[in-house]
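Line order of the protein sequences matches chains B and F.
Sequential numbering from 4 applies to the first sequence in the working numbering.
Sequential numbering from 1100 applies to the second sequence in the working numbering.
Bear in mind the hints are in silico, worked out from the structure with no lab data behind them.
Note that beta-carbon positions come from the ideal geometry of N, C-alpha and C, so glycine has one too.
Treat the hints loosely; a few may be bogus.
What the hints assert, rightly or not - Restraint-style ranges between C-beta atoms, simulated for each label pair:
hint	chain 1	residue 1	chain 2	residue 2	range
1	F	1198	B	13	44 to 52 Å
2	F	1109	B	103	36 to 44 Å
3	B	57	F	1102	18 to 26 Å
4	B	46	F	1200	44 to 52 Å
5	F	1101	B	131	35 to 43 Å
6	B	7	F	1198	26 to 34 Å
7	F	1124	B	82	48 to 56 Å
8	F	1101	B	113	23 to 31 Å
9	B	22	F	1214	33 to 41 Å
10	B	131	F	1179	16 to 24 Å
11	F	1177	B	153	18 to 26 Å
Said to hold, decoys possible - Chain B is faced by these chain F residues, among others (derived, beta-carbon under 7 Å):
hint	residue
12	1110
13	1117
14	1121
15	1172
16	1179
Said to hold, decoys possible - Stretches of chain B that chain F covers, calculated by requiring three or more beta carbons in the stretch to come under 8 Å of a beta carbon on chain F:
hint	stretch
17	66–75
18	79–91
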Amino acid sequence: MSDDLQARLDELAPLLVAGSPHAVDLGFTLEAIRPGEAVMRAAYREDLVGDPETGVMHGGVVTALLDHASGTAAFAGLGGDKATATLDLRLDYMRPATPGLDVIAEAHTVKVSGLIAFVSAVAHNGDINDPIATAHAAFMVTRVSQDAADRARSEMEGGLTPISKVEKKGGQA
Amino acid sequence: MSERLSPLLSSPYVKRLGVVFDEHGDELTGILPYAEALVGNPLIPALHGGAIGAFMEITASAGLLAASDLSALPKPIDVAVDYLRPGRPSDVYARAAITRQGSRVANVRVEAWQERRSAPIATLHGHFLIKPAG
């Protein structure tokens, strides 16, 4: 069962960044995905700097990275077949990101309760014990988000995409 | 445009997002012009929550910079964002209100909207570290 979920997540992995123009624009890459967990990286880039005097990446990039990693973990925590909307995102900024280094966000689903996933995430420069920021977020499968996922599924029928392959193979949504 | 906002507007990331400000007296409105690169989920389609959150953080900084002479950009300590409606593929507006400003820390609230100000798409509240000039 959990092997099935891992197989489904592995198949969908390429879409979890590529399917989101903003995540692509910021250069995010998915490092790992497991049931309930996701690791996402933002490469250091000069055009993402907040304060040119210090060269520190803008807090907004860390915000977007933690949001995207947390949403991906929620997706992986809800069985990999339901789309969610973010209800809220709470962030603590503990130190500036180190100039020149990538930022890595590790997110894990603390608990799934019905249609809601509670997720916790940490952003760091390579050492999780020296966090840049932490996040707590709640995601929910809403009618709007689920309609969009269903539309995607029906549009992609025809065996050309990972989503439809998973649907045909899996059969237990 | 107030000179006080120039350190914020010269930030590469702020420029890249395309955020601009509309200033009338002491009323400051942040504008996030719609761009395809801001979309988080093209299937809904909805703007990325991270982009909306970042835009509201920038608007909070701008509100603090406009309200007093600061010698550095405000730094967020903690923020909480509530997402109330999906962000549609169109411009987003936001206004900041300073709830309390001390000598080192300010508490700020931000509301973001699209078609109607009375129908906000997201709100933010948070603490920012500030360095008053002089």
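Hint by hint, here is what the structure shows:
1. Remark: the range hint 44 to 52 Å for residue 1198/F to residue 13/B is upheld by a beta-carbon distance near 46 Å.
2. One distance hint, 36 to 44 Å for the beta-carbon pair residue 1109/F and residue 103/B, is violated here, with the actual separation near 20 Å.
3. A C-beta distance of roughly 21 Å is found between residue 57/B and residue 1102/F, which places it inside the suggested range of 18 to 26 Å.
4. Checked against the hint of 44 to 52 Å, the pair residue 46/B and residue 1200/F fails, with Cβ atoms roughly 36 Å apart.
5. The hint said 35 to 43 Å for the Cβ distance between residue 1101/F and residue 131/B, and at roughly 41 Å that hint holds.
6. Hint check: residue 7/B to residue 1198/F, Cβ distance near 49 Å, so the stated range 26 to 34 Å is violated.
7. Range check, residue 1124/F to residue 82/B: about 52 Å between beta-carbon atoms, so the 48 to 56 Å window is met.
8. Range check, residue 1101/F to residue 113/B: Cβ separation about 43 Å, and the 23 to 31 Å hint is violated.
9. Here the CB-CB span from residue 22/B to residue 1214/F is close to 26 Å, at odds with the stated 33 to 41 Å.
10. Range check, residue 131/B to residue 1179/F: Cβ separation about 23 Å, and the 16 to 24 Å hint holds.
11. A C-beta distance of roughly 37 Å is found between residue 1177/F and residue 153/B, which places it outside the suggested range of 18 to 26 Å.
12. A distance limit of 7 Å between C-beta atoms decides the matter here; for residue 1110/F the minimum to chain B is near 5 Å, and the interface restraint holds.
13. Restraint check, residue 1117/F versus chain B: the minimum CB separation of about 12 Å is more than 7 Å; hint violated.
14. The restraint placing residue 1121/F at the interface with chain B is violated, with a minimum CB-CB distance near 20 Å, outside the 7 Å limit.
15. The closest approach between the C-beta of residue 1172/F and any C-beta of chain B is roughly 6 Å, which is under the 7 Å cut-off, so the hint is satisfied.
16. For residue 1179/F, the suggested interface contact is upheld, since its CB lies about 4 Å from the closest CB of chain B, less than 7 Å.
17. Look at the stretch 66–75 of chain B against chain F: 7 of its residues bring a Cβ nearer than 8 Å to a Cβ of that chain, three or more, so the hint holds.
18. Counting residues of the stretch 79–91 of chain B whose beta carbon lies closer than 8 Å to any beta carbon of chain F gives 5, which meets the minimum of three for the stated coverage.
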